[in-house]
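Undergrad: One-letter residues, chain by chain:
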Amino acid sequence: MLRFLLRKEFKQIFRNKTLLPMIFAMPIIQLFILPLAADYEMKDISVAIIDHDHSVYSQKLTSKIAASGYFNITAYPKSFNDAFEFIENDKVDLILEIPLNFEQELIVVKGQKLFIAVNAINGVKASLGVAYLNRIIADFNTNVRLQCIHPERFNIVPTIRVTSSNWFNPVMNYRYFMVPGILVLLISLVATYMCALNTIREKEMGTIEQINVTPIKRTLFILGKLIPFWVIGLLVFSFGLFIVARFIYGIVPVGSIILLFGYLSVYLIAMLGLGLLISTYCETQQQVMFITFFFMMVFILMSGIFTSIESMPAWAYIIAKCSPVTYFIDVIRMVILKGSGLGDIQYHFLMMLGFAILFNLWAILNYKKTM
Amino acid sequence: MLRDRKTLLILFGLPVIQILLFGFALTNEIKNSKIVICDYSKDDYSRMIIDKFSANGNFVIKESLLNHLQIESSFKKGDVKLAVVFPANFGNDLLHLNQAHVQIIADASDPNTANILTAYATNIIMDYQKTLYENLNLPYHIGTESRMLYNPGLKGAINFVPGVMVLILMLISVMMTSVSIVREKEYGTMEILLVSPVNPFLLIVSKVIPYLFLSLINFTVIVLLSVTLLGVPVNGSLLLLFGVSVLFIITALSLGLLISNIVETQQEAILISLIGLMVPVTIFTGFIFPIENMPDALQYFSNILPSKWYYIFIKSIMIKGLDISSVWREILILTGMTCLFLFISFKKFKNRLL
Amino acid sequence: MNEVVIKTDKLTKRFGDFTAVDNITFDVSQSEIFGFLGANGAGKTTAMRMLCGLSTPTSGDAIIAGFDVYNQTENIKKNIGYMSQKFSLYEDLTVIENIHLFGGIYGLDNYQLKNKTDELIEKLGLQGERNKLVASLPLGWKQKLAFSVAILHQPKIVFLDEPTGGVDPITRRQFWKLIYDAANQGITIFVTTHYMDEAEYCNRVSIMVDGKIEALDTPVKLKQMFSAKSMDDVFLRLARKAQRTSD
Numbered sequence: 001m002l003r004f005l006l007r008k009e010f011k012q013i014f015r016n017k018t019l020l021p022m023i024f025a026m027p028i029i030q031l032f033i034l035p036l037a038a039d040y041e042m043k044d045i046s047v048a049i050i051d052h053d054h055s056v057y058s059q060k061l062t063s064k065i066a067a068s069g070y071f072n073i074t075a076y077p078k079s080f081n082d083a084f085e086f087i088e089n090d091k092v093d094l095i096l097e098i099p100l101n102f103e104q105e106l107i108v109v110k111g112q113k114l115f116i117a118v119n120a121i122n123g124v125k126a127s128l129g130v131a132y133l134n135r136i137i138a139d140f141n142t143n144v145r146l147q148c149i150h151p152e153r154f155n156i157v158p159t160i161r162v163t164s165s166n167w168f169n170p171v172m173n174y175r176y177f178m179v180p181g182i183l184v185l186l187i188s189l190v191a192t193y194m195c196a197l198n199t200i201r202e203k204e205m206g207t208i209e210q211i212n213v214t215p216i217k218r219t220l221f222i223l224g225k226l227i228p229f230w231v232i233g234l235l236v237f238s239f240g241l242f243i244v245a246r247f248i249y250g251i252v253p254v255g256s257i258i259l260l261f262g263y264l265s266v267y268l269i270a271m272l273g274l275g276l277l278i279s280t281y282c283e284t285q286q287q288v289m290f291i292t293f294f295f296m297m298v299f300i301l302m303s304g305i306f307t308s309i310e311s312m313p314a315w316a317y318i319i320a321k322c323s324p325v326t327y328f329i330d331v332i333r334m335v336i337l338k339g340s341g342l343g344d345i346q347y348h349f350l351m352m353l354g355f356a357i358l359f360n361l362w363a364i365l366n367y368k369k370t371m
Numbered sequence: 001m002l003r004d005r006k007t008l009l010i011l012f013g014l015p016v017i018q019i020l021l022f023g024f025a026l027t028n029e030i031k032n033s034k035i036v037i038c039d040y041s042k043d044d045y046s047r048m049i050i051d052k053f054s055a056n057g058n059f060v061i062k063e064s065l066l067n068h069l070q071i072e073s074s075f076k077k078g079d080v081k082l083a084v085v086f087p088a089n090f091g092n093d094l095l096h097l098n099q100a101h102v103q104i105i106a107d108a109s110d111p112n113t114a115n116i117l118t119a120y121a122t123n124i125i126m127d128y129q130k131t132l133y134e135n136l137n138l139p140y141h142i143g144t145e146s147r148m149l150y151n152p153g154l155k156g157a158i159n160f161v162p163g164v165m166v167l168i169l170m171l172i173s174v175m176m177t178s179v180s181i182v183r184e185k186e187y188g189t190m191e192i193l194l195v196s197p198v199n200p201f202l203l204i205v206s207k208v209i210p211y212l213f214l215s216l217i218n219f220t221v222i223v224l225l226s227v228t229l230l231g232v233p234v235n236g237s238l239l240l241l242f243g244v245s246v247l248f249i250i251t252a253l254s255l256g257l258l259i260s261n262i263v264e265t266q267q268e269a270i271l272i273s274l275i276g277l278m279v280p281v282t283i284f285t286g287f288i289f290p291i292e293n294m295p296d297a298l299q300y301f302s303n304i305l306p307s308k309w310y311y312i313f314i315k316s317i318m319i320k321g322l323d324i325s326s327v328w329r330e331i332l333i334l335t336g337m338t339c340l341f342l343f344i345s346f347k348k349f350k351n352r353l354l
Numbered sequence: 001m002n003e004v005v006i007k008t009d010k011l012t013k014r015f016g017d018f019t020a021v022d023n024i025t026f027d028v029s030q031s032e033i034f035g036f037l038g039a040n041g042a043g044k045t046t047a048m049r050m051l052c053g054l055s056t057p058t059s060g061d062a063i064i065a066g067f068d069v070y071n072q073t074e075n076i077k078k079n080i081g082y083m084s085q086k087f088s089l090y091e092d093l094t095v096i097e098n099i100h101l102f103g104g105i106y107g108l109d110n111y112q113l114k115n116k117t118d119e120l121i122e123k124l125g126l127q128g129e130r131n132k133l134v135a136s137l138p139l140g141w142k143q144k145l146a147f148s149v150a151i152l153h154q155p156k157i158v159f160l161d162e163p164t165g166g167v168d169p170i171t172r173r174q175f176w177k178l179i180y181d182a183a184n185q186g187i188t189i190f191v192t193t194h195y196m197d198e199a200e201y202c203n204r205v206s207i208m209v210d211g212k213i214e215a216l217d218t219p220v221k222l223k224q225m226f227s228a229k230s231m232d233d234v235f236l237r238l239a240r241k242a243q244r245t246s247d
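Protein chains in written order, with this note's numbering: chain A, 1 to 371; chain B, 1 to 354; chain C, 1 to 247.
A few of these clues could be false.
[Claimed, not checked] Selected chain A positions facing chain C (in silico; Cβ < 8 Å):
#1 M1
#2 R3
#3 F4
#4 E9
#5 K11
#6 Q12
#7 R15
#8 T18
#9 G206
#10 Q210
#11 P215
#12 I216
#13 T219
#14 L358
Calculated from the structure, these hints are not laboratory results. All figures in this text were calculated on a predicted structure; none of them were measured in a lab. Ideal Cβ positions, reconstructed from N, Cα and C, are used throughout, including at glycine.
The task is simple: from the sequences and hints, build the whole structure.
TA: Next comes the structure, spelled out in structure tokens:
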């Protein structure tokens with residue numbers, strides 16, 4: 001019997017000349033473009049320097065900042081008020097004010113202060129900017145000291161040298177990190193929506209009644225809905241991974257492809273189950289759309305793809321852990337970038353199996369042939 | 001429309017839950033990151049630095065490793081983000097040679113977190129170093145004094161709440177209009193209304209107005225929640241905030257109208273207004289990834305999204321407290337977009353009638 | 001007398017305080033054409049959905065083809081066919097594909113499927129349309145196809161919910177010919193309709209008013225009882241008593 005249901009679903013899907021291209025094209029096009037835009041890296045922080053001093057030292061400091069690679073000096077306003085206007089218009093992120101007689105007082109009084117003001121709406125960007133600037137100033141400070149003090153006295157100062165290295169992504173390419181994540185998001189959206197909408201459409205059109213009055217088992221009917229979209233999900237994912245990620249972004253998975261696809265298979269079952277579950281609680285496509293929108297938005301924004309989930313308050317962390325998307329984002333990054341093996345992701349695997357069983361069982365129980 | 005209570009509940013309830021959830025949960029700070037320590041020296045100095053790490057809220061020390069070869073396997077398990085390695089004789093070197101090494105290894109599969117954590121960790125070690133020579137009182141010191149403008153507490157909500165607000169308003173408005181109008185098309189009820197003597201333009205307007213009100217109520221609730229619960233202020237003019245928000249909602253509704261004119265079925269409308277818009281709007285509005293970081297072509301692309309301009313406006317009014325003279329550009333652009341969307345929609349609509 | 005295939009006893013369905021179907025009791029025998037009449041909102045569709053196992057009764061009993069409507073609905077479904085008010089074949093499948101789908105669901109094997117399909121296509125005169133999408137067929141043909149698909153698996157009973165709504169008189173006549181053919185094969189027909197001329201074609205007719213069965217007999221006897229000229233008069237006389245407004 002399943003054979004007949006599957007044949008029906010595949011025919012209906014492949015016959016739809018507008019929907020099918022959308023299912024394939026939209027995720028792929030987005031995968032082309034979005035990772036280019038998703039870049040957190042703090043470079044080119046634009047700075048306005050108010051130099052009241054115009055001395056050799058203030059100029060040296062300025063060129064040191066310009067040469068650091070983190071900053072882009074976009075303006076040299078005359079006063080703080082002028083500079084503040086730049087901040088208001090988002091022309092400038094950070095202001096450095098060098099006071100009058102900076103050089104003179106540094107040498108005569110042996111101490112001087114600089115003023116920094118930063119647009120802190122994005123708190124992390126602001127504090128990183130200040131930290132980088134402070135490091136440049138401290139470096140500059142050391143150089144000044146080297147010139148002014150005898151070297152042997154300077155050596156008394158104990159120094160700890162910190163060397164840092166970056167594993168798994170030494171060139172710090174942010175796209176390696178974002179492409180797999182965005183692929184997961186797009187797959188999740190397509191799978192959940194397609195499955196939920198397809199089912200609710202039968203409900204709205206009344207064709208589901210004709211099915212309900214037949215002796216068919218509800219498990220079979222649900223399987224008939226799951227399998228086609230499962231196959232489509234696998235196809236879209238393969239295309240994204242082997243074509244777009246491989247040839248456009250040069251991402252070659254370090255870990256096992258089989259492990260990744262094994263996990264994907266379970267993940268798709270879970271997400272399709274969620275779609276079915278939503279459709280069993282709704283009566284119209286509109287309702288399905290809004291409820292799926294709600295869940296997908298919560299899942300996406302709290303999945304750790306854009307922000308770290310460890311930094312959330314404890315209750316929010318628990319919510320994030322209740323979303324299947326969170327686990328897959330984690331797994332795909334671990335397997336593709338770090339080469340994690342089955343042993344490393346066994347907890348993730350168990351959780352995903354749990355989701356798959358929970359959602360589908362719930363959907364089957366809630367899908368009533370009688371009312 | 002108002003008769004459908006389930007839908008109504010969804011339309012009002014879900015945005016409120018979302019704004020609260022995201023307002024509290026989303027932050028780009030990196031806190032509670034798990035790290036491992038590999039201390040070959042085990043002396044007073046290394047121990048003091050380790051204590052500093054465990055006292056810092058950014059880090060949670062997960063375990064101490066005996067061997068640095070174990071670092072890779074702890075990274076592969078996923079939750080450890082950083083490793084700090086003290087070589088043997090760390091304290092000795094510091095004491096006698098005045099120079100010692102610490103190695104920081106970051107899991108850079110997430111480059112952003114790696115960067116930030118490396119910076120935090122370096123700061124902790126540098127701070128410790130400062131305490132070592134503080135009593136030496138060196139001359140020629142350049143100090144700095146920094147001010148965090150608009151957000152002295154460096155709260156994530158100040159950045160994310162306006163962004164989420166824009167996202168929710170935009171997506172819900174577009175979805176509501178496009179789907180409900182296409183629904184009438186699909187069921188053929190549109191035809192019945194069109195043959196009636198009602199002016200077709202009035203007809204469209206009357207379809208859209210309930211959604212305008214609905215979105216406005218949502219907006220009001222979201223602003224109230226932001227101010228009372230999430231601590232995001234409204235520093236500028238409330239009147240201006242509302243005025244331009246009405247404009248933005250109309251922009252989004254007309255975009256929905258435009259979509260409904262292009263597609264034939266609800267499924268297509270949902271696909272375009274959700275899968276087509278959700279992730280792009282999230283990314284190109286600029287509240288997660290700074291737009292100035294994007295390649296030039298994408299920076300230009302971001303200009304066609306109404307949400308980007310509204311986000312700039314919201315930040316200017318709510319947080320920076322600016323007045324109309326600083327946001328006229330955004331208002332102008334949103335007005336232009338609305339006119340364009342409506343113009344195309346009506347044109348297509350008219351063609352269908354003829 | 002033929003075997004009784006539908007037997008209800010005080011069957012009732014309530015939604016909250018609204019009693020949609022109120023204590024209905026009747027029997028239908030094999031190969032009978034049973035007309036189930038009533039104004040809009042009288043409770044016909046609700047009653048029919050209970051008999052098909054789509055909806056669980058609030059109280060009362062019903063035995064369909066020997067099975068109980070409370071806990072043997074899956075057995076009932078094997079022995080009935082159903083054609084709902086909304087046209088419910090898949091519009092985006094072809095004629096053949098729809099026949100194969102429903103035949104397959106009822107467990108017909110490939111050989112049976114092929115024979116049945118050819119037979120059915122020929123009987124309906126759809127040879128030219130076998131590979132066309134159902135969406136492209138005129139309504140009358142869709143209805144005839146839906147009926148034929150509903151009796152494809154030779155059910156004991158077929159339930160028809162306003163099968164001829166919106167169809168022209170000629171097609172209606174053809175449709176009733178199909179119904180008679182089915183009844184001659186021993187299939188019991190349970191049909192709701194709005195058209196009183198169609199009521200005259202039924203062996204027996206029941207008229208529902210406000211959830212209750214107000215009259216049940218052959219068309220001839222009903223007309224005598226109410227001394228009416230046509231079934232139309234009978235219906236109007238009874239329906240006038242209705243308290244519920246339609247919808």
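Undergrad: If a hint holds in the structure, say so; if it does not, say that too.
TA: Against the structure, the hints come out as follows:
1. M1: Interface hint status for A:M1: holds (6 Å vs cutoff 8 Å).
2. R3: 7 Å, holds
3. F4: 3 Å, holds
4. E9: 10 Å, violated
5. K11: Holds. Min distance 6 Å.
6. Q12: It holds, given that the least Cβ distance between A:Q12 and chain C is near 5 Å, below 8 Å.
7. R15: Holds - the Cβ of A:R15 comes within 8 Å of chain C, reaching about 6 Å at its closest.
8. T18: 12 Å, violated
9. G206: 4 Å, holds
10. Q210: Result: holds, 4 Å to nearest chain C Cβ.
11. P215: 4 Å, holds
12. I216: Hint holds; A:I216 Cβ to chain C Cβ min 5 Å, cut 8 Å.
13. T219: 13 Å, violated
14. L358: 26 Å, violated
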